[in-house]
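*Asks:* The chain contents come next:
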Amino acid sequence: MSFIPGLGIVRGMALTLRRFFAPKATIRYPEVKADIPHKFRGRLQLLYDEWGTLKCETCFQCAQACPVECIDMGGMDTKGRYHVHWGAAETYGERREESALRRSGRPVPDPAFVRFAEIDPAPLEAILEEHDHDPARMLAILEATQAAYGHLPVAALKRISEATGAWYAMIYGTASYYRHLRFEAPAALDQAAEVAARRPAEDDYRAALDASLSGRRPD
Amino acid sequence: MTAVARAWGRLTLPGKVVFTVVPLLALLVAATVIGIAVFGGAVLDILAANIGIVRFVLVATILLLAAPPIAFVIIYLEMKVIALMNLRIGPDRVGPWGTLLSTVHGLKVLMKEDFTPTGADAVVFTWAPVVVFTASILSALVLPFAPGLFGQDFSIALLYFFAVGGLTVVGLLMGGWSSFNKYSLLGGLRAAAQMVSYEIPLTLSVVGVIILAGTMSLDRIVDQQAGWLGDWFVFRQPLGFLVFFIAATAEGNRTPFDMTEADQEIVAGYATEYSGMRFGFFFFAEYINVFILSALTVILFFGGWHAPLSLPQIELALDPGSLGIGLLFLVALAPVVGTLLLGAPFYLLRSATKWWHALIIGFALFNVVVVLAVVAWATISFDWAAGLVWVLVKTFGFVFLFVWLRGTLPRVRVDQLMGLAWKWLLPASLLNLFVTAAAVVLVGG
Chain A
1 MSFIPGLGIV
11 RGMALTLRRF
21 FAPKATIRYP
31 EVKADIPHKF
41 RGRLQLLYDE
51 WGTLKCETCF
61 QCAQACPVEC
71 IDMGGMDTKG
81 RYHVHWGAAE
91 TYGERREESA
101 LRRSGRPVPD
111 PAFVRFAEID
121 PAPLEAILEE
131 HDHDPARMLA
141 ILEATQAAYG
151 HLPVAALKRI
161 SEATGAWYAM
171 IYGTASYYRH
181 LRFEAPAALD
191 QAAEVAARRP
201 AEDDYRAALD
211 ASLSGRRPD
Chain B
1 MTAVARAWGR
11 LTLPGKVVFT
21 VVPLLALLVA
31 ATVIGIAVFG
41 GAVLDILAAN
51 IGIVRFVLVA
61 TILLLAAPPI
71 AFVIIYLEMK
81 VIALMNLRIG
91 PDRVGPWGTL
101 LSTVHGLKVL
111 MKEDFTPTGA
121 DAVVFTWAPV
131 VVFTASILSA
141 LVLPFAPGLF
151 GQDFSIALLY
161 FFAVGGLTVV
171 GLLMGGWSSF
181 NKYSLLGGLR
191 AAAQMVSYEI
201 PLTLSVVGVI
211 ILAGTMSLDR
221 IVDQQAGWLG
231 DWFVFRQPLG
241 FLVFFIAATA
251 EGNRTPFDMT
261 EADQEIVAGY
271 ATEYSGMRFG
281 FFFFAEYINV
291 FILSALTVIL
301 FFGGWHAPLS
311 LPQIELALDP
321 GSLGIGLLFL
331 VALAPVVGTL
341 LLGAPFYLLR
351 SATKWWHALI
361 IGFALFNVVV
371 VLAVVAWATI
381 SFDWAAGLVW
391 VLVKTFGFVF
401 LFVWLRGTLP
411 RVRVDQLMGL
421 AWKWLLPASL
431 LNLFVTAAAV
441 VLVGG
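Heads up: the sequence lines are chains A and B, in that order. Mapping to this note's numbering: the first sequence position 186 is 186, numbers consecutive. Mapping to this note's numbering: the second sequence position 202 is 202, numbers consecutive.
Hints are not guaranteed to be accurate.
Unchecked claim - As a list, the in silico EDC-like pairs of lysine to aspartate or glutamate whose alpha-carbon atoms are at most 20 Å apart:
1. A:K158 <-> A:E202
2. B:K112 <-> B:E315
3. A:K24 <-> B:D92
4. A:K33 <-> B:D92
5. A:K158 <-> A:E129
6. B:K182 <-> B:E265
To be verified - Chain A side only, calculated, beta carbon under 10 Å to chain B, not exhaustive:
7. L15
8. L17
9. A22
10. K24
11. T26
12. R28
13. A126
Read the hints as simulated data drawn from the structure, not as lab findings. For every residue, glycine included, the Cβ atom is placed at its ideal position computed from N, Cα and C.
Using the sequences and the hints, build the whole thing.
*Replies:* The following block contains the structure:
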């Protein structure tokens, strides 16, 4: 069978001809958009190379880029030396720095990473002790934290995540769900009058905008 | 005046030639037309007395004018077909289905800087692409595209074809040598070695056809294949056709034998130092060569302008001349009615279509319909039109085959290339020659 000369060429040409008529998967993006669910964000998948080794080097770039911080990872580096596993998915800027330090042996500052402000941990520790470090009582913890600090600082959320074992992303989700919880300090009281004075002008502008758009909202 | 002199000084040598020859040609054509109009029969008599020269000039002009569009079509085919075979979509931005992309590529090449490297032999460097291109065009001169539709019909047309086609090697060597670049020189020598090696099996493989046909005139070779599918020479010369096709692939610098100017590699063989339109001419010549070799394959082995089956003669029931004044109304009304009728569905069925969009679509469709109708009418009414259609259909079939091969096969190594030519194709073509000759002697063909 395989001794017939030219058979390989014929089979190859048959393959290309099948490909020629095969449907193409390309989506002409700006004109045609794929019909995907609204909240679809792609599927996380770890790829293996041809030797069956994980291609992931735990560089944390994906975790750092993830908008909802849902990516967490653990594993060995490429030389199989380090078993890395980071606890709660949280400050990936820090991890990026640590990861870079671990790989290169010298600190590699990441200019995009802004270190969050430190807080006085004493009131928070008291609150956590009072609620028995129970993640099921998260709302009460968050409310008490906001009462103590005036808002929910990132450092406090990180400490709550560490102490209760709940993922940072879930704590963040809980905190951002309730209207009365806030992540930034409220405006000073003497600004209230100024904001109130600005409100009629803003309402006028919005009404004018609605009128000019004649009810249609830009996407 | 100085501006004109400066512009003239900036032109390259081909530019100067073109700027001189094109107005001269235009002048000649205008003078001929005016001469015919004024002096009437006398000029026609002179032209008829020199029909050979007139025919040569006319056909050379037509071939030169037709070469870029043909090259554009083949380049587009190549981009699109290989893309589809790679499961891509390919060009789809410029023009409908991306059909204008190759034309835009041509314009881009025109606008690029035409650079001559320091130390290059400028004259030879400039003339090399001209020699390659001219060799292709001149070899196309003897190809009969339809009954009576050829430039010249020598009794030695086939010999002429291979002789002039062999001039391509000179152009490639000129390009490689004059570039002042060792890689170009090596590429040129490699190209020359390949072309010379493959010309031998290419030429020997058609000797069988010549023996069978008893002539080297391409016109009469096609005539010998009249009839149906079984009369084509490919069925009497299968080995000859195989050798011819493989050698033609190498002769046209096509994958898997495109060592001489492998597109994907950085050092493009003899064309390393070429840029702008001089490179473009090499490129054009390659694609024209693909067309010409396909046409020659069709003419030698696939019956030229003969249909595979004898089709029933269709007579047009309606003679347009009998309509009288009605014909005038038809010519005046048909575009309007056709545009409206073809545009109406788009306007009526899709509410987002603006009326003038629908009109434009209708007009474009009307043009397509009219062109198809004219081609169909010519095919039915004239022998030469039907022959041209058949030759073009078969030729582009072979162009598709060349592109298909390129989309499938990897490039061979240079020693494999030479080994195939000398160890396999040459003995095979000799065997084919001897068997054919023996058969003709025995049967008494």
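*Asks:* So, for every hint listed, does it hold in this structure?
*Replies:* Against the structure, the hints come out as follows:
no. : hint              : verdict
1   : A:K158 <-> A:E202 : 37 Å, violated
2   : B:K112 <-> B:E315 : 53 Å, violated
3   : A:K24 <-> B:D92   : 13 Å, holds
4   : A:K33 <-> B:D92   : 17 Å, holds
5   : A:K158 <-> A:E129 : 16 Å, holds
6   : B:K182 <-> B:E265 : 16 Å, holds
7   : L15               : 8 Å, holds
8   : L17               : 7 Å, holds
9   : A22               : 6 Å, holds
10  : K24               : 5 Å, holds
11  : T26               : 5 Å, holds
12  : R28               : 7 Å, holds
13  : A126              : 64 Å, violated
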